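Residue numbers for the sequence shown follow this note's numbering, beginning at 2 and rising by one.
In short, the hints are calculated from the structure, not lab data. Honestly, I wouldn't trust all of these hints.
DEER-style ranges, computed between Cβ atoms [said to hold, decoys possible]: (1) R94 <-> E256: 15 to 23 angstroms; (2) A229 <-> P146: 35 to 43 angstroms; (3) R119 <-> A177: 23 to 31 angstroms; (4) G349 <-> P146: 40 to 48 angstroms; (5) H368 <-> G159: 35 to 43 angstroms; (6) R97 <-> Q258: 41 to 49 angstroms; (7) G341 <-> F183: 29 to 37 angstroms; (8) A253 <-> F183: 20 to 28 angstroms; (9) F183 <-> G349: 57 to 65 angstroms; (10) T209 <-> E182: 13 to 21 angstroms; (11) R119 <-> V18: 45 to 53 angstroms; (12) T72 <-> D247: 18 to 26 angstroms; (13) A253 <-> E19: 35 to 43 angstroms.
Owing to the predicted nature of the structure, the values given are computational and were not obtained by experimental measurement. Cβ coordinates follow ideal geometry from the N, Cα and C atoms, glycine included.
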Amino acid sequence: MVAVRRVRLDELELPLVEPFETSFGVERRRRFLVVQIEAEDGETGLGECVATQHPLYSSESVATARWMIETYLLPLLWKEGALPPDTFRTRARVWRGHPMAKGAIEMALWDLWARRHRQSLARALGGRRRRVEVGVSVGIQSDVPTLVRRVGEYLAEGYGRIKVKVRPGWDERPVAALRKEFPELRLWVDANQGYPASAAGAIRRWATRYGVEQVEQPFPERALAAHARLVRRAPFLVCLDESITDLAAFEAAVEMQAVTSLNVKAGRVGGLGSGRELGARSAGAGLPAWVGGMLETGIGRAHNVALASLTPFTLPADLSASGRYYRQDLVEPAFELGPGSTLSVPRGQGLGVEVVESVYRKYVHRHREFRRKTP
2 MVAVRRVRLD
12 ELELPLVEPF
22 ETSFGVERRR
32 RFLVVQIEAE
42 DGETGLGECV
52 ATQHPLYSSE
62 SVATARWMIE
72 TYLLPLLWKE
82 GALPPDTFRT
92 RARVWRGHPM
102 AKGAIEMALW
112 DLWARRHRQS
122 LARALGGRRR
132 RVEVGVSVGI
142 QSDVPTLVRR
152 VGEYLAEGYG
162 RIKVKVRPGW
172 DERPVAALRK
182 EFPELRLWVD
192 ANQGYPASAA
202 GAIRRWATRY
212 GVEQVEQPFP
222 ERALAAHARL
232 VRRAPFLVCL
242 DESITDLAAF
252 EAAVEMQAVT
262 SLNVKAGRVG
272 GLGSGRELGA
282 RSAGAGLPAW
292 VGGMLETGIG
302 RAHNVALASL
312 TPFTLPADLS
322 ASGRYYRQDL
332 VEPAFELGPG
342 STLSVPRGQG
352 LGVEVVESVY
362 RKYVHRHREF
372 RRKTP
């Protein structure tokens, strides 16, 4: 690797196409960080931090990620001069936690690494697929008829798998309506930790009755015992998301038999290297895995699609077309839904997409630049 010369840290805010509601609350705009790492020869790599403005999905936020990057991760880059992505991941373990901040740097290094080796990011990671199967995630709606209409629109667009957000009071009735309207629908539900452990029986009843294929993260992230109880009598997949922060957490869940499907979000687990490792371990344990998303722009989406091109990921990814969340994405070409509910894996060098500078500058709220001090 050529030495890192400059790091640019931008805070952006983009309006969503429509409000996205989960058990955590409602998002109308997304604020996030983009990391740009520039090497001495001028080559650059981009990473998108998935931490949200407020610490609701996880303990990280935009503010904590920025602090972690500026205080600890950038000095590591300056000290080492240049780091391959896997080496950075290993060195950064000296500091506990902060996987989203670490992941943003690691993914930018992966983009830089692939560009320097004149490879696509997918190829650099070992991906083989040219297209990845995807589905769409639908937030909590104002009423059941609106949900049914929105799902019908997504099916008409060509999405083959639908995931709907649920929470106590918004579960059986909307799921029943969807099953009635779309008898053949491939349906997943995601609770984002919204239920107490005592709700396992009720979840099992309505999910089974209406042919739900997968129930994702119904209980709090540390409640592995509750997930294990649900697994024992569930005819559907029980997926973990927020519970799996790293490989050790996954192995604990497997040992407790608390998981039968794994959602791997690269930004949540510390980057592409950890995501690739989790996918391989999941396949080794005989569990299906898939790549999740966190409302990323085209920068983070390109990273996710590259990861989803790896063969261990066998279930449809939560990586919809660019227009699902943003009317104006930051990159071109945009990601478009293709035949068989798939997205094309970019084949150009690095991410395989390029930032549209005029659009990017429009949404930058805060900008800082850091340069390596030379002797």
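We went through each hint and held it up to the structure:
| no. | hint | verdict |
| --- | --- | --- |
| 1 | R94 <-> E256: 15 to 23 angstroms | 22 angstroms, holds |
| 2 | A229 <-> P146: 35 to 43 angstroms | 37 angstroms, holds |
| 3 | R119 <-> A177: 23 to 31 angstroms | 53 angstroms, violated |
| 4 | G349 <-> P146: 40 to 48 angstroms | 43 angstroms, holds |
| 5 | H368 <-> G159: 35 to 43 angstroms | 38 angstroms, holds |
| 6 | R97 <-> Q258: 41 to 49 angstroms | 27 angstroms, violated |
| 7 | G341 <-> F183: 29 to 37 angstroms | 18 angstroms, violated |
| 8 | A253 <-> F183: 20 to 28 angstroms | 37 angstroms, violated |
| 9 | F183 <-> G349: 57 to 65 angstroms | 37 angstroms, violated |
| 10 | T209 <-> E182: 13 to 21 angstroms | 19 angstroms, holds |
| 11 | R119 <-> V18: 45 to 53 angstroms | 36 angstroms, violated |
| 12 | T72 <-> D247: 18 to 26 angstroms | 21 angstroms, holds |
| 13 | A253 <-> E19: 35 to 43 angstroms | 37 angstroms, holds |
Of the numbered hints given earlier, the model fails hints 3, 6, 7, 8, 9, 11; all others are met.
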